[in-house]
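Trainee: Those protein sequences? They're chains A and B, same order as listed.
Okay, so the first sequence: first residue is 1308 according to this note's numbering, each after it adds one.
Okay, so the second sequence: first residue is 1308 according to this note's numbering, each after it adds one.
The set of hints was computed from the structure by calculation and includes no laboratory data.
Heads up, a few of these hints could be off.
Because identical chains share one entry, a pair is satisfied inside a single copy or across any pair of copies.
[Unchecked claim] DMTMM-like, lysine to aspartate or glutamate: derived pairs with alpha carbons at most 25 Å apart:
hint, residue 1, residue 2
1, Lys1404, Glu1314
2, Lys1336, Glu1314
3, Lys1378, Glu1343
4, Lys1404, Asp1373
5, Lys1336, Glu1406
6, Lys1369, Asp1328
7, Lys1369, Glu1393
8, Lys1369, Glu1408
9, Lys1346, Asp1373
10, Lys1339, Glu1406
11, Lys1378, Glu1314
12, Lys1327, Glu1343
13, Lys1369, Glu1392
14, Lys1389, Asp1328
15, Lys1378, Glu1406
16, Lys1327, Glu1406
From a predicted model like this one, the values you see are computed outputs, not experimental measurements.
2 protein chains.
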Amino acid sequence: MIVSNLEVPYYAVIFTSVLKDIEISSYYKTAKRMEEIAKEQQGFLGIDSSRTDIGITISYWKTLNDIINWKNNLEHKEAQIKGREEWYSKYQIRICKVEREYGFEDL
Amino acid sequence: MIVSNLEVPYYAVIFTSVLKDIEISSYYKTAKRMEEIAKEQQGFLGIDSSRTDIGITISYWKTLNDIINWKNNLEHKEAQIKGREEWYSKYQIRICKVEREYGFEDL
């Protein structure tokens, strides 16, 4: 399910990526683990993730400082290094302020 | 390929969605068409899209006004109505200001 109806303003980290080899099981194991520990961080609001030919993961945070703390989390830093050395051919990270939000649900 | 290295600040529209029935061919045809005409709009900077159990499409724009114009595009408005009536069980739209950006490429 998708994350909905958070209270603006808050922050989003858009992480888009291309894998070197989409069959790397260590990548999927680590990606799952990162999602689990992100959820335990202060200021975490939610995460949306999808991967086809490209991967898109968006995590939502209360403040910019929460994002910096998550970036500097030790286990996360180790994953970032492995990401550059082993898994990704390319990635892009965008730090955004969410200013407006609306949704639809077919009830 | 993913969109990279745009010049901050600019805007992102994060569109996350859940389909009622992922086998709807009219949906895929319209989604493709919307991407084509978005690219022709003023202020369009790029688009990243992926769909597995959820769909994530992020379009990037120079200004908030460019986003409003795209929202009000006639063909886009027709697609929005069909989206609510036929395709989506749920969606969420977030308007964000991209404040920082950095990337990695394994060359």
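Trainee: Now tell me, hint by hint, if it's right for this structure.
Mentor: Going through the hints against the structure:
no., hint, result
1, Lys1404 / Glu1314, "both (12 Å within a copy, 16 Å between copies)"
2, Lys1336 / Glu1314, "neither (31 Å within a copy, 33 Å between copies)"
3, Lys1378 / Glu1343, "within (15 Å within a copy, 35 Å between copies)"
4, Lys1404 / Asp1373, "both (13 Å within a copy, 18 Å between copies)"
5, Lys1336 / Glu1406, "neither (33 Å within a copy, 31 Å between copies)"
6, Lys1369 / Asp1328, "neither (34 Å within a copy, 33 Å between copies)"
7, Lys1369 / Glu1393, "neither (31 Å within a copy, 34 Å between copies)"
8, Lys1369 / Glu1408, "both (15 Å within a copy, 19 Å between copies)"
9, Lys1346 / Asp1373, "within (12 Å within a copy, 34 Å between copies)"
10, Lys1339 / Glu1406, "neither (29 Å within a copy, 27 Å between copies)"
11, Lys1378 / Glu1314, "both (23 Å within a copy, 22 Å between copies)"
12, Lys1327 / Glu1343, "within (24 Å within a copy, 28 Å between copies)"
13, Lys1369 / Glu1392, "neither (30 Å within a copy, 33 Å between copies)"
14, Lys1389 / Asp1328, "within (14 Å within a copy, 37 Å between copies)"
15, Lys1378 / Glu1406, "both (22 Å within a copy, 16 Å between copies)"
16, Lys1327 / Glu1406, "neither (34 Å within a copy, 28 Å between copies)"
Hint check: violations occur at hints 2, 5, 6, 7, 10, 13, 16; the rest are consistent with the structure.
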